[in-house]
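Guided by the hints, dock chain B onto chain A, whose structure is given.
Sequences listed follow chains A and B, in order. Position 150 of the first sequence, counting from 1, maps to 150 under my numbering, and the rest follow consecutively. Add 1000 to a position in the second sequence, counting from 1, and you land on the number used in my numbering.
The set of hints was computed from the structure by calculation and includes no laboratory data. Owing to the predicted nature of the structure, the values given are computational and were not obtained by experimental measurement. Fair warning: there could be bad hints in the mix.
[Unchecked claim] Listed next, the stretches of chain B that the computed footprint assigns to chain A, with coverage defined by at least 3 CB atoms under 8 Å from CB atoms of chain A: (1) 1094-1100; (2) 1131-1145; (3) 1152-1160.
Just so it is clear, CB atoms sit at the ideal spot from N, CA and C, and this is done for glycine as well.
Residues per chain are reported as follows:
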Amino acid sequence: MTGGDAPTWKVPPRWVLLVAVLSIVAAEVGGGAMARYKVELTRWARAGMQARPEVHGLVGVRDVDERILDEALVKFDAGLRLFHMHAEGMGLVIIATSMVAATVIPSPAASRAIIALLTAGGAGYPVGYLVWSALIPSYGLEQAKALAEWLVWVPFGSATIVALWCLVGLVAWSMLARRRA
Amino acid sequence: MTGRAELARIFLRPPSVLPVLTALAPVIITALATIISPAAAHHVGSYVPRDNAVTTNFKQMKFSVQAKKYDVALRLFDEGALRTEMRAHAAVLPPGLEDGTRAALLAGDGPEVERRLMIFFAALARDLALEADRQLARPDASAEARAATGRKFLEAIWRYYNLVDFAVATRDNKASVAVRLAFDEAEAAVKPAAVGAAPADPAGIRPPLQRIAQVLSTLIERSLSTPSSMTPRRNS
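Isolated chain A, as found in the complex (with noise of 0.2 Å):
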């Protein structure tokens, strides 16, 4: 690399990285705690449902009762799952994407908002999962998913889509700034 004008790549700030990579350890933890403490967890979560049967609609007869704990104790491991592989791809998706916006818009305080609501919908929309997963034995499935929704997916999830709209304005924007030039 020695022409100076040549544009080049940026790195986006290092918080941001080290919030991204964060991520995805996280995802790899949960991952290995998942498979680790898998008997345990459910032994949890199916002692939790058990505890509030009125929750859950429990009436009492095992027939009926085993078909709403297992579809409860499946979603509680998806939750899980999905915890682990959200947070490893937007770990990834954090990066590629602040790093486009590192480079690609000019305005330094465009380029910082943009990144920052990248970083944080990003981390946090994966927790939305694990929020879910941990409310379904108290407030079941429906109830904890209302939850995860409004504290979590809504807010984060919606902080990484106007990022996102914003960067693809802007890059277009570049590019037509680009073709006048």
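Here is chain B on its own, set in the frame of chain A:
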């Protein structure tokens, strides 16, 4: 190549803007889908109801009997959840059902095994229908909660009855039709309300549940008095 600003660069030429936009397209499309359809946006996995230990054991036994592997079916019966369940329900089942099933397996009498298993599952379904009727008669629960309870019971009843519906239809076609019609009626009574429609009427589920219990009781009584050798077989 000196100073922090230089270190914070990766020495590759950045792509032109078009490839960047192309690369971002899947993310954008996903984001767009999230806005258009928020309910489906958060993938939370899907649940496919699984067989329980009893229905799994039944299916294993059924396939073994159909293949005339009676020794395998007998082992599955001796070690499986179905026999344990038969013992657990012994008080409400026709006397000698477990011993008779074992004897039929030992004798390699497929139709008799089928008849006895049909009686067992019909009895399980009948007891569930009676319990559902009892629980739904309680006035303390809300209409919505009773409808939800009704749906769960119907699911459990169907899980067992569905296993032996063919055997029931073969022996008593009218009973099979009566159970299925009552089941449809019960389902309609507790169907989740459509968007903007009136809520389900959980009280409407009780008469069909009572009919299911009554038809199955009659079927069990008749089947006990009719050995498998006298049962007309359908060509299907």
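Status of each hint after checking the structure:
no.: 1; hint: 1094-1100; in the structure: violated (count 0)
no.: 2; hint: 1131-1145; in the structure: holds (count 3)
no.: 3; hint: 1152-1160; in the structure: holds (count 6)
Hint 1 from the list above is the single one not met by this structure.
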